[in-house]
Each structure stands twice: as C-alpha cells, then as structure tokens.
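Engineer: Model the full assembly from the supplied sequences, consistent with the hints where possible.
Heads up, the final residue of the sequence shown is numbered 142 in my numbering, and it's a clean run with no missing numbers.
By construction, these hints were calculated from the structure, which means they are not laboratory data. Where a beta carbon is used, it is the ideal one built from N, C-alpha and C, also for glycine. The reader is advised that the hints may include incorrect statements.
With a straight-line Cα cutoff of 16 Å, these simulated EDC-like cross-link-like pairs (lysine to aspartate or glutamate) come out [to be verified]:
{"hint": "1", "residue 1": "LYS92", "residue 2": "GLU53"}
{"hint": "2", "residue 1": "LYS92", "residue 2": "GLU82"}
{"hint": "3", "residue 1": "LYS92", "residue 2": "ASP115"}
{"hint": "4", "residue 1": "LYS92", "residue 2": "ASP121"}
{"hint": "5", "residue 1": "LYS92", "residue 2": "GLU75"}
{"hint": "6", "residue 1": "LYS92", "residue 2": "ASP80"}
Quick list of the computed label-pair ranges, beta carbon to beta carbon [what the hints assert, rightly or not]:
{"hint": "7", "residue 1": "GLU53", "residue 2": "LYS92", "range": "14 to 24 Å"}
{"hint": "8", "residue 1": "PRO42", "residue 2": "ALA90", "range": "17 to 27 Å"}
{"hint": "9", "residue 1": "ARG64", "residue 2": "LEU26", "range": "13 to 23 Å"}
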Amino acid sequence: MAELRVFLDANILFTAAYSPDGLSALLIELGAAGCVTLLTSPLAIAEAERNLEAKRPAALSTLRGSLAVVRVVREPATADVERLTPPELASKDRPLLGAAIAAQATHFVTGDVADFGRFMDQRTRLPIHVMTPRQFLTEVRP
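Structural biologist: Shown next, in the form of structure tokens:
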C-alpha cells in the first residue's frame, strides 16, 4: 500500500485537542503509531490555536502536544494556491487545500462539510481525496 500522507485541516486539530475520545483524536493516534504521515500547515495551526484560545483554552496544551506527531509543511505561494485549487472554493480555504496538494498529501481530512463537501468524492478533479474523519477511518484506515 502506498504511503498515506494525511493533511489535517484546522478544525481537525481543534477537535482532536478538546475531544480526546473523538474521531479526530484517533487520526492523531494513527500518526503517533506510524500508520500514516500526518501533515498540516502553519495557517491551520494558527486557526486551531485561535479557536481554542477563544472557546477551549484548556485544550491548547493538548494541541501543542499532538503537533509532535504532525509534520508542518510550508505555505504555498499565492500563485501556487491559485493554480492548485478550485476557484469556487472559499478564499479562506484555498491556502489550506493548496498546502495539502503542494505537500503531496494523499488525503485532506476536514470536518468542514459546508465549504469542502462539494469536493469530497471528486478524486478525478483533484489530485487529493477530500474526506471527513469518519470517511477516512471507515474507507481508508490502515
């Protein structure tokens, strides 16, 4: 089986930090066990931290601890984001998906179905699988 390179969206980092028994936290466990390579970007981390500071500050230390098993990839240049991502995706989300594609992630895992839902099951259109944590753990889990 090819290496699974799983990019975690900000909401996955956020959810894993405050819900240690949830599906998002299970993704972190898969990374810690070496079953998958977890990736994220500085933008995703900053968004997760900002949301935790506002809503669940006690979970910030959990987030920081979980990042030990997540590889932080570089943010792509604006021109690369424009080239790699669908123009109909919200401008705030394009850098996240662009970072995942530029880092050659095989999967982009997000709980944001409102913005990313229309790109799920669009593997022929995108070079990456966009999935919810449940979809990933059900359909792909190593």
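Engineer: Sort out which numbered hints this structure fails and list those numbers smallest first.
Structural biologist: Hints 1, 4 contradicted; others consistent.
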